[in-house]
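There are 2 protein chains.
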Amino acid sequence: MKNLFDTKFSGNFQNIPPSFIREILNIANRPNMISFAGGLPNADYFPCNELAVSAQEVICGQGRALLQYAGSQGFLPLREWIAGRYNDKYGLQIKPENVAITHGSQQTLDITAKMFLNPGDEVIVEKPTYLGAIQAMSGYLPRFVAVDLFNDGPDIGQVETACWEKTPKYMYGIPNFQNPSGICYSRKKREELAVLLKKYGLLLLEDDPYNEVRFAGIDTPPVFCYAPENVLWSGSFSKMVAPGLRLGWLILPETLTPHFVKAKQSTDLHPNNLSQYILYHYLTHFDIDEHLEKIRKAYKRQCNTMKEMIRKYLPEEIVMTNPEGGMFLWLTLPESMNAEKLAYRCIEKGVAFVPGKSFFTNGEGSNCIRMNFSNTPDNLIEKGIRIMGEKMALFCKKDQLISID
Amino acid sequence: MKNLFDTKFSGNFQNIPPSFIREILNIANRPNMISFAGGLPNADYFPCNELAVSAQEVICGQGRALLQYAGSQGFLPLREWIAGRYNDKYGLQIKPENVAITHGSQQTLDITAKMFLNPGDEVIVEKPTYLGAIQAMSGYLPRFVAVDLFNDGPDIGQVETACWEKTPKYMYGIPNFQNPSGICYSRKKREELAVLLKKYGLLLLEDDPYNEVRFAGIDTPPVFCYAPENVLWSGSFSKMVAPGLRLGWLILPETLTPHFVKAKQSTDLHPNNLSQYILYHYLTHFDIDEHLEKIRKAYKRQCNTMKEMIRKYLPEEIVMTNPEGGMFLWLTLPESMNAEKLAYRCIEKGVAFVPGKSFFTNGEGSNCIRMNFSNTPDNLIEKGIRIMGEKMALFCKKDQLISID
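Line by line, the protein sequences are chains A and B.
Position in the first sequence (from 1) plus 62 gives the number in my numbering.
Position in the second sequence (from 1) plus 62 gives the number in my numbering.
Because the hints were derived from the structure by calculation, they are not lab data.
As the structure is a computational prediction, the values presented were derived from the model and not from experiment.
Some hints could be false.
[Stated by the list, open to error] Simulated coverage check for chain A against chain B, where a stretch passes if three residues somewhere in it have a Cβ under 8 angstroms from a Cβ of chain B:
1) 329–339
2) 375–381
[Stated by the list, open to error] So, partial list: chain A residues that the calculated Cβ filter (under 7 angstroms) puts toward chain B:
3) Phe75
4) Gln76
5) Ala105
6) His165
7) Met177
8) Leu179
9) Gly182
10) Arg205
11) Val207
12) Arg308
[Stated by the list, open to error] Calculated pairs, DSBU-like style, for lysine-lysine (alpha carbon to alpha carbon, straight line, at most 35 angstroms):
13) A:Lys151 to A:Lys189
14) A:Lys157 to B:Lys411
15) B:Lys157 to A:Lys411
All C-beta atoms, glycine included, are put in the ideal place defined by N, C-alpha and C.
Please put together the full structure from these sequences, using the hints given.
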C-alpha cells in the first residue's frame with residue numbers, strides 16, 4: 063500500500079533489503095509446518111523452572127533496582143560474569159569495563175554499523191553470511207566486499223587483497239559454526255586473519271553466538287585471542303540460555319568502549335534490566351555447564367539425524383557441510399535446481415527451509431539451502447527431508463521434461 | 063584516549079552530541095546525592111510483588127513460548143491491550159495491527175529517525191526539547207528547525223512557516239507534560255497543529271510517555287485523535303509501570319506500520335519477550351488504574367512540595383512552569399546566571415540537576431534548569447532546594463563583585 067509518506071523514507075532505510083526470509087518464517091510458523099527455516103533453539107531445553115525461581119527471587123528482593131532506569135553499558139555483575147568466564151576459558155584478561163550488554167547480537171550489528179559506516183564505505187563479509195547482518199549493515203549504505211568461504215574459513219588471500227586495494231572499515235565474520243553454513247574457521251585461518259588485522263589496522267567484528275554450542279571436534283580460540291586490539295567480539299545468551307531474554311554482549315578494545323556505549327545509549331538508553339537481573343541470578347545459582355551439556359547432546363543427535371536423512375532421501379550429488387556445532391547445515395544443490403522454487407513447492411507439502419540467496423550480498427546462492435536442525439524432533443526431521451527428496455526428484459524430472467521440449 | 067580506529071568513525075556517529083547529562087547523571091547516582099537530575103520514576107510505587115507473581119506464573123506456564131524468538135512487531139495480546147485501552151479512553155479505532163512494541167520510547171526515536179532522515183533533512187522540534195531525542199536524531203545528521211514553546215504549546219505560526227519555507231521530514235513534539243519543561247499543549251494548539259499536519263502533509267512524532275501521569279487539570283486528547291493519518295503516537299510503560307521493563311509502543315498510520323517493523327527488525331529482531339509476557343499478565347490480573355492513582359497522588363504531592371520550596375528558597379525573579387503531570391518542572395534563571403557553573407557548585411554540596419542547554423539544538427538555555435520532582439522524598443526536596451538557593455545567592459554576590467571589579 064502506498065501513501066504520501068512513502069516518498070519521505072531515507073535512502074538508508076530504502077536500502078534495507080526486502081525480506082524473503084520474513085515471509086518464509088511467517089509461513090514456517092503455521093501450525094503443523096515442519097520447519098527447517100528458523101534459527102530457533104530447541105525449546106525443550108529452556109530452563110523454565112530455574113528462571114522462574116530466579117525471577118521470583120530478584121523481583122521480590124531487588125525490585126526497586128531492577129525495575130528502575132539503569133546504566134547504558136549494562137548490569138556490572140553480569141559483565142563481570144562474562145569477563146570471568148572467557149578469561150578462564152581462554153586465559154584472557156578481559157575487563158568488565160570493556161564488556162557492554164546488548165539487546166541481543168542483532169543490536170551489536172546495528173550499532174557497530176552506525177558507529178563506522180558512511181555511505182559507500184567497504185565492509186568485508188563472508189560468502190555466504192548471516193542475513194540479519196546484511197540487513198543491519200544495509201541500513202548504512204555500505205559496499206560489501208564478499209570473500210569466499212571454504213570449509214576451513216575465509217579465503218585469506220581475498221581478505222588481504224581487499225585490505226590492499228580498498229579501505230574496508232571492518233570485516234564481519236562468524237568463525238564458529240557459521241550461520242548459515244555451519245562452517246568453523248581452522249586455528250590456522252584464525253591466526254592468519256589475526257596477522258592481517260594487525261598488519262592492515264583492520265577491525266574484525268567477530269560474531270560468536272554459538273561459541274558454547276560445540277558438539278564435536280576441539281574448541282578453537284576466537285580470533286579475539288590472537289588480536290584483542292583489533293577485534294570486537296560479540297556473544298549472546300540466546301543460544302546458551304534463551305532468545306526471549308534478548309541479551310547479548312560485546313567485548314571491545316578499550317579505546318572503543320565509550321564510543322560504543324554512547325551510540326548504544328542514543329539508540330535505547332540501556333539494556334533490559336529485568337532480564338539482566340534474572341539471568342545473572344540464574345547463571346550464579348544454577349549449573350550453566352550442565353545445562354549446556356544437555357543442549358550439545360541434543361543438537362549433536364539432531365544434526366546427525368539430519369545428515370543421515372539427507373544421505374538417505376536427497377539426491378547424492380547434493381553437497382552438505384559437516385557442522386561441529388551451532389544449529390545449521392548448508393546444502394549446495396546441482397546448479398540447475400532453483401532453491402526458491404523448491405521452497406514454495408515444499409511449503410505446499412508442509413516443509414519449510416530458507417533458500418540460500420538471502421545469505422549473499424551479490425545475488426549468488428540460488429542453488430543453496432540453509433537447514434536448521436535444532437528445532438525439529440528426529441521423526442519430523444525424517445519426514446520433512448523425505449518430502450524434500452520427493453519434491454527434488456520431481457523438480458529434476460520436470461527440468462528434464464522441459465529440456466526435452 | 064585516542065587510537066587508530068578513531069579515524070574510522072562514521073560522520074553520523076560523530077554528530078551525536080557529547081553528553082554532559084551522562085556525566086551529571088553518573089555524579090547524581092553517587093550515594094547521598096540529592097538528585098533532581100535524572101528522569102526517574104518514584105521506585106516506591108513499582109509493583110514489585112505483583113510483577114513477581116506475574117513472572118512466576120508466565121515463566122512456569124508459558125516458558126517455551128516466552129523464552130523463544132518471537133515476532134518483530136511484539137506480543138499480540140499486549141498490542142491488543144494497548145489498542146483497547148486508548149480506543150476506550152479517546153473513542154478511537156486503533157487496530158492492534160498498527161501497534162508496534164519497542165524497547166522503550168528511545169528506540170522509537172531512533173527508528174523513526176532512521177526511517178526518514180537523510181543527512182541535511184529538516185526536523186521541527188520544540189525549544190527546548192527532550193535531549194534523548196536530540197541525541198537519537200543527531201545520529202542521522204538532520205537540520206533542526208526549533209520552534210518556540212509557550213505555556214500552551216508551540217508557536218503554530220513558526221511551525222507553519224517551517225512547512226512553507228522548508229520541507230521538514232517530520233515534527234517531533236511532546237504535547238503532555240513535556241520533558242524538560244513540564245508544559246502541556248492546550249486543546250486549541252493541538253487542533254491547530256492537526257490542521258497544519260493535514261494541510262502540509264506533515265508527519266508528527268507525538269511522544270507521549272506521561273499520558274497516564276496527569277495529576278491536575280483535565281485530560282486533553284493527543285494530537286493523534288485529530289489527525290490519525292499524520293501522527294506516529296508513541297507511548298511507554300516506563301512511567302505507567304516501570305522503566306526496567308524496557309517496553310514502549312508506537313501507534314502508526316496503517317501504511318507506515320510494515321516499514322517501521324522492517325526497520326525495527328534490522329535493528330534488534332524483536333522486543334523482549336520475557337518482559338512482554340510478564341507485563342501483559344500484570345496488566346490483565348492486577349488493577350493498573352488503582353496503581354496509576356497512587357503514582358499521580360505521589361507526583362502531585364512531590365511537585366507541590368518542589369514548587370513551594372522554590373518559592374521559599376530561590377530568588378523570586380526565577381520563572382517556573384506549572385506542570386499538571388509528568389515528572390519535571392523548568393526554571394528560567396536571570397540571564398546573568400549560568401546554570402552549568404551553578405550545577406558544578408551545587409554538586410559539591412550534594413545536589414544535582416540538569417542545566418538547560420542540553421535541551422536546545424542551538425546553544426540557547428544557558429540560564430535554564432530541568433528539575434525532576436518524582437524521585438526525591440519531600441524532606442530532601444526541601445533540603446536540596448535550600449542548598450540550591452544558598453549557591454544561587456552566592457553566585458549573584460560573586461557576579462556583583464566581579465562586575466564591581
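Structure-based check of each hint:
1. 329–339: holds (count 9)
2. 375–381: As far as the stretch 375–381 of chain A goes, the hint is violated, because 0 residues have Cβ atoms under 8 angstroms from chain B.
3. Phe75: 5 angstroms, holds
4. Gln76: 10 angstroms, violated
5. Ala105: Given a least distance of 4 angstroms, the restraint on Ala105 of chain A holds.
6. His165: At 5 angstroms from the nearest chain B Cβ, His165 of chain A passes the 7 angstroms test, so the hint holds.
7. Met177: 5 angstroms, holds
8. Leu179: 5 angstroms, holds
9. Gly182: It is violated, given that the least Cβ distance between Gly182 of chain A and chain B is near 11 angstroms, above 7 angstroms.
10. Arg205: 14 angstroms, violated
11. Val207: 16 angstroms, violated
12. Arg308: 4 angstroms, holds
13. A:Lys151 to A:Lys189: With Cα atoms ~30 angstroms apart, Lys151 of chain A and Lys189 of chain A stay inside 35 angstroms; holds.
14. A:Lys157 to B:Lys411: 33 angstroms, holds
15. B:Lys157 to A:Lys411: 33 angstroms, holds
In this structure, the earlier hints numbered 2, 4, 9, 10, 11 are contradicted, and the remaining ones agree with it.
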